[in-house]
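Chains as they are written, first to last, in this note's numbering: chain P, 1 to 153; chain D, 1 to 373; chain B, 1 to 193.
For the record, the hints were derived by calculation from the structure and aren't laboratory data. Errors might be hidden in some of the hints.
No more than 27 Å apart at the CA atoms, straight line, and that leaves these computed lysine-lysine pairs for DSS-like [said to hold, decoys possible]:
1. D/Lys42 - D/Lys103
2. D/Lys187 - P/Lys142
3. P/Lys142 - D/Lys327
4. P/Lys84 - D/Lys57
5. D/Lys57 - D/Lys296
6. D/Lys353 - D/Lys205
7. P/Lys2 - D/Lys303
8. B/Lys141 - P/Lys142
9. D/Lys205 - P/Lys153
Label-pair distances were calculated between CB atoms; the ranges are [as the list claims (entries may be wrong)]:
10. D/Ser214 - P/Glu34: 55 to 63 Å
11. B/Pro154 - D/Pro287: 51 to 59 Å
12. B/Trp51 - D/His172: 21 to 29 Å
13. P/Asp47 - D/Gly232: 19 to 27 Å
14. P/Pro124 - D/Pro242: 50 to 58 Å
15. P/Pro124 - D/Gly351: 34 to 42 Å
With the C-beta cut set under 10 Å, the calculated list includes, among others, these residues of chain P facing chain D [what the hints assert, rightly or not]:
16. Trp13
17. Phe19
18. Phe55
19. Trp102
20. Asn125
21. Arg128
Computed from a predicted structure; not experimentally measured. Cβ coordinates follow ideal geometry from the N, Cα and C atoms, glycine included.
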Amino acid sequence: MKNEDLQGLIASWSPNLVFTEEGSQYLNVTVPIEELHSIMSKLKHNDQTSLDYLFCLSGVDWGEELGVVYHLESTNFRHSLVVKTQTTERENPVLDSVYDIWATAEFHEREVFDFFGIEFTNHPNLKRLFLTDDWDGFPLRKDYEDNINMIIK
Amino acid sequence: METVTLNSNFKSEEYFINMGPQHPATHGVLRLLLTIDGEIIKKVEPDLGYIHRSIEKMCERDSYQQIVHLTDRMDYLSANINNEAVCLTVENALQLEIPERVKVIRTIIGELTRISSHCLWWGVMGMDVGALTTYFYGFRDRELLNDIFEETCGARLTMNYNVPGGLMFDIHPNFVKRVKEFITHFKSKLPEYDRLLTNNIIFQKRAIGVGILSREDAISYGASGPVGRASGYSCDVRKHHPYSALDKVTFNEALRSEGDTYARYLVRIQEMWESLSIVEQLIDNIPEGEFRVATKAVIKLPKGEYFQKVETARGELGVYIISTGLKSPYRLKFRSPGFSNLSLLNHIAVGGKIGDLVATMATLDLVIPDIDR
Amino acid sequence: MGIDRKNEPTGQMSKVPEDFPGKVIPAGNGANVIVTSLDKIINWGRSNSLWSLYFGTSCCAIEMMQTGASRHDYSRFGFEVARPSPRQADLIIIAGTIVNKMAPVLRRLYDQMAEPRYVIAMGACAISGGPFFYNTYSVVKGADHVIPVDVYVPGCPPRPEALLEGMLMLQDKIRTENMKHKINPIEGFDEGL
Numbered sequence: 001m002k003n004e005d006l007q008g009l010i011a012s013w014s015p016n017l018v019f020t021e022e023g024s025q026y027l028n029v030t031v032p033i034e035e036l037h038s039i040m041s042k043l044k045h046n047d048q049t050s051l052d053y054l055f056c057l058s059g060v061d062w063g064e065e066l067g068v069v070y071h072l073e074s075t076n077f078r079h080s081l082v083v084k085t086q087t088t089e090r091e092n093p094v095l096d097s098v099y100d101i102w103a104t105a106e107f108h109e110r111e112v113f114d115f116f117g118i119e120f121t122n123h124p125n126l127k128r129l130f131l132t133d134d135w136d137g138f139p140l141r142k143d144y145e146d147n148i149n150m151i152i153k
Numbered sequence: 001m002e003t004v005t006l007n008s009n010f011k012s013e014e015y016f017i018n019m020g021p022q023h024p025a026t027h028g029v030l031r032l033l034l035t036i037d038g039e040i041i042k043k044v045e046p047d048l049g050y051i052h053r054s055i056e057k058m059c060e061r062d063s064y065q066q067i068v069h070l071t072d073r074m075d076y077l078s079a080n081i082n083n084e085a086v087c088l089t090v091e092n093a094l095q096l097e098i099p100e101r102v103k104v105i106r107t108i109i110g111e112l113t114r115i116s117s118h119c120l121w122w123g124v125m126g127m128d129v130g131a132l133t134t135y136f137y138g139f140r141d142r143e144l145l146n147d148i149f150e151e152t153c154g155a156r157l158t159m160n161y162n163v164p165g166g167l168m169f170d171i172h173p174n175f176v177k178r179v180k181e182f183i184t185h186f187k188s189k190l191p192e193y194d195r196l197l198t199n200n201i202i203f204q205k206r207a208i209g210v211g212i213l214s215r216e217d218a219i220s221y222g223a224s225g226p227v228g229r230a231s232g233y234s235c236d237v238r239k240h241h242p243y244s245a246l247d248k249v250t251f252n253e254a255l256r257s258e259g260d261t262y263a264r265y266l267v268r269i270q271e272m273w274e275s276l277s278i279v280e281q282l283i284d285n286i287p288e289g290e291f292r293v294a295t296k297a298v299i300k301l302p303k304g305e306y307f308q309k310v311e312t313a314r315g316e317l318g319v320y321i322i323s324t325g326l327k328s329p330y331r332l333k334f335r336s337p338g339f340s341n342l343s344l345l346n347h348i349a350v351g352g353k354i355g356d357l358v359a360t361m362a363t364l365d366l367v368i369p370d371i372d373r
Numbered sequence: 001m002g003i004d005r006k007n008e009p010t011g012q013m014s015k016v017p018e019d020f021p022g023k024v025i026p027a028g029n030g031a032n033v034i035v036t037s038l039d040k041i042i043n044w045g046r047s048n049s050l051w052s053l054y055f056g057t058s059c060c061a062i063e064m065m066q067t068g069a070s071r072h073d074y075s076r077f078g079f080e081v082a083r084p085s086p087r088q089a090d091l092i093i094i095a096g097t098i099v100n101k102m103a104p105v106l107r108r109l110y111d112q113m114a115e116p117r118y119v120i121a122m123g124a125c126a127i128s129g130g131p132f133f134y135n136t137y138s139v140v141k142g143a144d145h146v147i148p149v150d151v152y153v154p155g156c157p158p159r160p161e162a163l164l165e166g167m168l169m170l171q172d173k174i175r176t177e178n179m180k181h182k183i184n185p186i187e188g189f190d191e192g193l
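Can you build the whole structure from these sequences, using the hints too?
Listed below in structure tokens is the structure:
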């Protein structure tokens, strides 16, 4: 499906979505966090989009907000889509987990929790993945400082 | 085979055992926490982070040429293909016109790297199952490829030959002759590999029917590379999103449908044959031209987001760069194939024995610095 | 040391001169077994059969495996088998980067080895942190912050010939050791000497 058809179909599901194509080679959709799980579930199970392969889940610190970017692809039609969501709460950010839709999200969401501190509801095993359990702080945030280990150049 | 039933006076309980970070059968520093009942596995939980070198944080302060140097050390067995991924992302963002000569040479060196990685995989696979001879045979053929790389690129393992804009040096005058000699030599060695391991009854009994993965599970867990192709999921990035000179060659995708350890083994052996045929199609017609396009000394990408996928020997590697116009990226994320392949270990190892776990992990072909980054 | 003449059986001619520097141990059937300096023979035996522990964390592990394969073979020099268990090894080759999470594991493996034990630091990462020196929060900048090191082999990764030269240098070091006056390198290491 082409990008215009995809945009038309997905826009009919909710009025709060923002579409853009500039600055990227795929179609980007920004979804508010309350509707994340229902839109993702429709994206996978709908016969015309059928986006059943999640190939990248990355956390980003946009400066004032913390967000997650999902890259999706369909194995039947070979079209791709990028879904973004963000939250302005930096002290205790909470998002919905998509583990029940794509099983690969289990490890990816643990990595995002480890580096950014975003908690995911309904996750089976949300613990730190790469760092030790008693590590203090979230390293990939932009305001992380570590004077003991890091030698800045 | 008759089954033995336990006397009802015996009770069995679950036992917790640790396959520690230093272990000869986990390829690198991976710690597995196993919950077992006798010899049957009930749960596998991997514990990562023993080689986490914070590459993504380093990339936020490095220039783009320095990032290429770091990707060599992530998945060191397909180092050239990792370099190619970052170089292609930068070149697509700057919209540079790459000469044909560079594309053909990059594809040839990428396929030779894939053969070298599969040689090492084959050697270590036999060693894990118990056949020590295969270790020496696999490394003997890998040494010939290391000689070719050393003459052209300058190093044996971490080559750093691709730069944004082209190649670092032109190829050596002996390159074409030596690659052709290698192809003839290796075509007589692959049937030897088959005689040693593929048709060996002991190996077949250990590999057939072990660690079965269905197609829906492969897509849902994000498996790619030979692991996905052995379950019937056609996921070769070289076919669906071709890059460099791969749209000019014809080759078959190695697909099987059983999804067990033996199928993953056969897929990799067939990939070696296909890579040999790709190199044969390209080696005689390398076009003339320049080997590098001039770029500025300090590269700055325009504002935006860029994504590039390539097919390494392990699966699909993705490079995602968010740039705000400065000389370092704002956020760089590597989507590594081993990370998704490891998450299905719990799904396919439960219910089997510990020996089956070792054979399954050998065919998943994990390189732990690729997972931990 | 001298020659013990008290228990010499009669009728035997002693062929050993008076100013002989070594120690003569009379054997059971009347023959003389001459042992020159005891240290030299024991050191020769120890240095020619060092068995190393499997400890490769990242890219240098592949070059260590190539050194053990058939083109550059390290079993010509006596490093025949690589043992998986630290109780049976007497050399540990640190091939790869050491990270904050891995450092206690390395220290525990070193403590489990039996003395005398030796350490080779292979590659730039084990010497000083290597390419991962600046801007990282999790790399230990050199394996000698954790255990005492005997030989350093530079390179990223070092060629197999370079690793063989490092191993031969360690053999030279062992041959000149004196068992009586040996200093254990782990003493005083934790206090920062």
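We went through each hint and held it up to the structure:
Simply put, D/Lys42 and D/Lys103 have alpha-carbon atoms about 49 Å apart, too far for the 27 Å limit, and the pair is violated. The straight-line distance between the Cα atoms of D/Lys187 and P/Lys142 is roughly 53 Å, outside the 27 Å bound, and the hint therefore fails. Using a Cα cut-off of 27 Å, the hinted pair P/Lys142 and D/Lys327 holds, with the two alpha carbons roughly 17 Å apart. Among the hinted pairs, P/Lys84 with D/Lys57 is consistent with the structure: their alpha-carbon atoms are about 22 Å apart, no more than 27 Å.
Taken as a hint, the D/Lys57 and D/Lys296 pair is honoured in the structure, with Cα atoms around 25 Å apart against an allowance of 27 Å. Under the criterion of a C-alpha separation no larger than 27 Å, the hint pairing D/Lys353 with D/Lys205 is consistent with the structure, at around 14 Å. This hinted pair checks out: P/Lys2 and D/Lys303 have alpha carbons roughly 25 Å apart, not beyond 27 Å. Proposed proximity of B/Lys141 and P/Lys142 is supported: the alpha carbons are some 24 Å apart, at most 27 Å.
Proximity of D/Lys205 to P/Lys153 is assessed by CA-CA distance (about 55 Å); at most 27 Å being required, the pair is judged violated. For the pair D/Ser214 and P/Glu34, the beta carbons lie near 34 Å from each other, so the given range of 55 to 63 Å is not met. As the Cβ distance of B/Pro154 to D/Pro287 is approximately 40 Å, the hint placing it in 51 to 59 Å is violated. Under the hint 21 to 29 Å, the C-beta atoms of B/Trp51 and D/His172, about 40 Å apart, miss the expected range.
Hint check: P/Asp47 to D/Gly232, Cβ distance near 21 Å, so the stated range 19 to 27 Å holds. Roughly 38 Å separates the CB atoms of P/Pro124 and D/Pro242, a value that falls outside the hinted 50 to 58 Å. Distance hint for P/Pro124 and D/Gly351: a CB-CB separation of about 19 Å, inconsistent with the stated range 34 to 42 Å. A hinted interface residue such as P/Trp13 counts as satisfied when its beta carbon comes closer than 10 Å to some beta carbon of chain D; here the least separation is about 23 Å, so the hint is violated.
Given the 10 Å rule on beta carbons, the hint for P/Phe19 is violated: about 15 Å separates it from the nearest Cβ of chain D. For P/Phe55, the interface hint holds, since its Cβ comes within 10 Å of a Cβ in chain D; the closest pair sits about 6 Å apart. Hint status for P/Trp102: holds, given a least beta-carbon distance of 6 Å to chain D, under 10 Å. Restraint check, P/Asn125 versus chain D: the minimum CB separation of about 8 Å is within 10 Å; hint holds.
Satisfaction of the interface hint for P/Arg128 is found here, the shortest Cβ-Cβ separation to chain D being roughly 8 Å, below the 10 Å cut-off.
The structure fails hints 1, 2, 9, 10, 11, 12, 14, 15, 16, 17 (numbered hints given earlier, in ascending order).
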